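Participant: Here is how the chains run, residue by residue.
There are 2 protein chains.
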Amino acid sequence: MAVCVPKGYLMAGVHCRIKRALRNEDLALVMSETPAVAAGVYTLNIVCAAPVTLDRSRTPSDRIRAVAICSGVANACTGEQGLRDAEEMARLAAAACGAEADQALVLSTGMIGVHLPMDKVAQGISAAAVKLGRSETSLVAAARGMLTTDTIHKLAGRTVTIAGHEIQITGMAKGAAMMGPNMATMLGLILTDAALTPERAQNALGAATEESFNCMSVDGHMSTNDTTLLLANGAAGGEPLEGDDLAAFQTALDEVCVDLAKAIAGDGEGATHLITIEVGGCADRQSALQIAKTVANSPLVKTALYGADPNWGRIVSAAGYAGVPFNPNGVTLRLNGFLLYEKGSPVEFDGQAVSASIRDNRDTLIQLEFSEGTAGRRFWTADLTAEYVRLNADYHT
Amino acid sequence: MAVCVPKGYLMAGVHCRIKRALRNEDLALVMSETPAVAAGVYTLNIVCAAPVTLDRSRTPSDRIRAVAICSGVANACTGEQGLRDAEEMARLAAAACGAEADQALVLSTGMIGVHLPMDKVAQGISAAAVKLGRSETSLVAAARGMLTTDTIHKLAGRTVTIAGHEIQITGMAKGAAMMGPNMATMLGLILTDAALTPERAQNALGAATEESFNCMSVDGHMSTNDTTLLLANGAAGGEPLEGDDLAAFQTALDEVCVDLAKAIAGDGEGATHLITIEVGGCADRQSALQIAKTVANSPLVKTALYGADPNWGRIVSAAGYAGVPFNPNGVTLRLNGFLLYEKGSPVEFDGQAVSASIRDNRDTLIQLEFSEGTAGRRFWTADLTAEYVRLNADYHT
Chain L
5 MAVCVPKGYL
15 MAGVHCRIKR
25 ALRNEDLALV
35 MSETPAVAAG
45 VYTLNIVCAA
55 PVTLDRSRTP
65 SDRIRAVAIC
75 SGVANACTGE
85 QGLRDAEEMA
95 RLAAAACGAE
105 ADQALVLSTG
115 MIGVHLPMDK
125 VAQGISAAAV
135 KLGRSETSLV
145 AAARGMLTTD
155 TIHKLAGRTV
165 TIAGHEIQIT
175 GMAKGAAMMG
185 PNMATMLGLI
195 LTDAALTPER
205 AQNALGAATE
215 ESFNCMSVDG
225 HMSTNDTTLL
235 LANGAAGGEP
245 LEGDDLAAFQ
255 TALDEVCVDL
265 AKAIAGDGEG
275 ATHLITIEVG
285 GCADRQSALQ
295 IAKTVANSPL
305 VKTALYGADP
315 NWGRIVSAAG
325 YAGVPFNPNG
335 VTLRLNGFLL
345 YEKGSPVEFD
355 GQAVSASIRD
365 NRDTLIQLEF
375 SEGTAGRRFW
385 TADLTAEYVR
395 LNADYHT
Chain Y
5 MAVCVPKGYL
15 MAGVHCRIKR
25 ALRNEDLALV
35 MSETPAVAAG
45 VYTLNIVCAA
55 PVTLDRSRTP
65 SDRIRAVAIC
75 SGVANACTGE
85 QGLRDAEEMA
95 RLAAAACGAE
105 ADQALVLSTG
115 MIGVHLPMDK
125 VAQGISAAAV
135 KLGRSETSLV
145 AAARGMLTTD
155 TIHKLAGRTV
165 TIAGHEIQIT
175 GMAKGAAMMG
185 PNMATMLGLI
195 LTDAALTPER
205 AQNALGAATE
215 ESFNCMSVDG
225 HMSTNDTTLL
235 LANGAAGGEP
245 LEGDDLAAFQ
255 TALDEVCVDL
265 AKAIAGDGEG
275 ATHLITIEVG
285 GCADRQSALQ
295 IAKTVANSPL
305 VKTALYGADP
315 NWGRIVSAAG
325 YAGVPFNPNG
335 VTLRLNGFLL
345 YEKGSPVEFD
355 GQAVSASIRD
365 NRDTLIQLEF
375 SEGTAGRRFW
385 TADLTAEYVR
395 LNADYHT
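So the sequence lines, in the order shown, correspond to chains L and Y.
Under this note's numbering, think of the first position of the first sequence as 5, with each following residue one higher.
Under this note's numbering, think of the first position of the second sequence as 5, with each following residue one higher.
The set of hints was computed from the structure by calculation and includes no laboratory data.
Possibly wrong hints are sitting among the right ones.
[Stated by the list, open to error] Facing chain Y, from chain L, some residues (calculated, C-beta under 10 Å): (1) 48; (2) 82; (3) 87; (4) 115; (5) 130; (6) 306; (7) 308; (8) 313; (9) 328.
[What the hints assert, rightly or not] Below, in silico cross-link-like pairs of lysine to aspartate or glutamate (DMTMM-like), each with a Cα-Cα straight-line distance of 25 Å or less: (10) 347/L / 258/L; (11) 124/Y / 352/L; (12) 347/Y / 91/L; (13) 347/L / 84/Y.
[Said to hold, decoys possible] Just so you have them, the derived chain L footprint on chain Y, three or more residues with Cβ under 8 Å: (14) 236-244; (15) 320-332; (16) 340-349.
These figures come from a predicted structure and were not determined experimentally.
Beta carbons: idealized from backbone N, C-alpha and C, even for Gly.
With the hints as extra help, turn the sequences into a complete structure.
Facilitator: Here you go:
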């Protein structure tokens with residue numbers, strides 16, 4: 005089974021009443037039985053949360069034993085007290101796993117500007133420590149512990165045999181909203197029993213993030229807490245991967261991260277469509293990304309797809325203000341495979357058929373082709389719905 | 005009266021069935037009795053509409069006699085045919101005003117990718133030519149002729165005495181959506197009977213736009229058609245303004261443009277709040293603008309205000325990803341005058357009172373103060389509502 009707990013890890017998810025909802029898990033604890041290599045990528049937001057500051061100072065590492073995650077409170081914009089709380093949360097997690105205080109990392113998500121309820125966090129970590137396990141139930145409970153307004157938990161995995169060792173890569177993530185591109189990423193935790201050096205783990209995670217979480221947005225609002233961690237404890241056996249073996253690992257890691265990124269975009273707050281934007285024919289990959297991201301973040305494009313409306317002018321015009329020079333007479337657009345705009349001119353098409361293809365499928369594909377070169381990029385986003393507005397107008401109160 | 009037709013102009017608005025709605029004006033004709041100086045600022049979108057291409061080639065000018073405006077069809081993404089249609093529309097407008105073909109400018113707004121119905125445009129221009137007048141009725145009808153989903157027409161004016169001459173400046177504009185910052189602007193037409201040279205008219209319009217229409221957004225989607233024109237026919241008398249007289253004119257022109265920009269933001273599609281964002285304490289004005297614009301375009305900020313929710317973390321975190329370096333411990337935030345966040349730390353505040361102040365007022369004021377310097381900027385936007393989503397999911401079909 006591709007989604008399972010990699011060798012050498014134990015985990016649990018519990019409800020300790022940080023979130024008001026009665027039954028939802030809001031705290032997860034992940035333990036590595038041996039010191040693991042750990043890498044992290046973090047938000048680029050100047051206003052970053054205390055857990056980001058703490059984890060950033062502790063990664064890359066070769067001795068991490070525990071990760072504690074809580075949802076409901078982000079521990080962001082909380083000043084000096086916030087940093088002390090993050091350190092205490094890490095200390096409690098490490099102690100629960102029989103490790104030293106600085107061998108733990110922490111992740112938090114939820115309300116900004118609220119202090120962590122440390123008594124509940126302490127109770128939660130104690131309760132989770134007793135329940136640590138390797139079953140699918142434990143895995144799902146841990147994945148649920150990081151959710152906020154997500155409607156489903158997000159897990160992805162790959163089992164690959166590299167250099168004679170069966171290696172497992174399993175990732176969990178949360179998304180929903182405050183999801184912006186050009187960030188380090190949202191909350192994600194990827195566990196592997198592969199053997200990696202800290203430097204290679206950091207490079208592998210950075211490369212995978214670039215093509216997955218950084219090619220995804222829900223509302224373009226970069227969070228204060230975005231973090232993805234990669235733990236590699238080497239329990240699969242063998243020496244740290246290098247060369248072709250490392251490349252094979254990278255491919256599997258990329259796939260796990262893309263699966264999670266698509267799961268996050270498809271479960272964007274209020275989303276009814278997972279929109280994939282493929283941009284091709286650009287002078288360079290950065291240009292293709294910039295155009296794809298600009299289309300993805302246009303409220304007019306996102307509402308049109310919510311309305312199953314093949315309003316292609318919104319897509320072409322969004323590309324036009326991406327800040328990337330291109331020949332407007334070289335632009336071709338396809339929507340769910342239907343040709344709508346070719347070399348800068350409108351094309352006759354069956355509007356009813358295109359509209360039906362949008363309405364009847366959760367997956368929507370926008371393909372924009374330019375005439376500047378051969379570089380391309382993929383990007384994922386969600387549509388903008390009345391439910392997104394309702395959720396975010398009502399979230400606080 | 006500050007909003008009236010300046011000396012030497014005649015205008016009319018008619019319904020010629022470009023728009024499906026039965027009674028709404030969809031064509032306006034504005035005539036200057038003598039050749040007027042004309043300046044224009046235009047969209048920066050690479051995919052720009054045919055009227056933009058035409059007007060850009062004809063401004064600045066010292067001999068414009070007519071402006072024809074139609075709504076319902078944008079004449080954008082329409083290829084060579086679109087440019088021929090724009091030229092024909094200008095020729096018809098010029099002929100109706102007894103002028104030469106190249107003495108007219110055109111503005112269009114509405115559906116992208118649809119060709120202008122030239123028979124209706126021709127009928128509309130003929131019908132408008134017969135009704136040209138200077139009354140308030142004529143002015144309002146012309147202002148209505150450029151509207152799309154706007155709920156009200158937008159007019160602003162100032163009467164100022166400069167160098168012994170009474171000068172009138174009257175502007176009309178349309179907004180509603182596909183409103184993005186860093187554009188040349190939306191549709192706007194500003195008429196004055198002041199005497200200006202073409203170069204000074206262009207500079208005056210550019211300066212006024214920079215502090216008004218370019219400091220305003222509804223949804224951040226830059227249009228293919230954004231245009232503001234300034235016509236100055238000198239009918240007030242006197243030599244072209246210069247020095248202190250020109251500065252006095254600039255002040256009045258700035259006020260007219262700010263009035264129109266605020267009217268557009270406040271009438272954004274589905275809007276229930278006009279949000280003013282004041283950013284201060286920045287190293288330079290560009291940094292302040294960049295922060296204000298990033299806050300203005302965050303869907304999370306916009307939905308929070310729609311929900312009357314003092315969710316200040318969204319505002320502070322949006323500032324953090326604006327791409328402008330700042331000290332996070334030097335940030336202070338006020339919302340409708342209430343202090344919510346001071347020098348990087350949360351402040352105790354009466355959430356009910358702040359929420360009530362948002363709910364009970366259409367005007368909302370966000371004040372963000374940084375500690376990097378003394379530069380500041382104002383920006384206007386609308387909230388993001390379920391009605392915006394409904395309007396834009398249903399617009400095409």
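Participant: Indicate, hint by hint, whether the structure satisfies it.
Facilitator: Evaluated hints:
no.	hint	in the structure
1	48	7 Å, holds
2	82	7 Å, holds
3	87	12 Å, violated
4	115	7 Å, holds
5	130	28 Å, violated
6	306	9 Å, holds
7	308	7 Å, holds
8	313	4 Å, holds
9	328	8 Å, holds
10	347/L / 258/L	34 Å, violated
11	124/Y / 352/L	22 Å, holds
12	347/Y / 91/L	23 Å, holds
13	347/L / 84/Y	12 Å, holds
14	236-244	violated (count 0)
15	320-332	holds (count 9)
16	340-349	holds (count 3)
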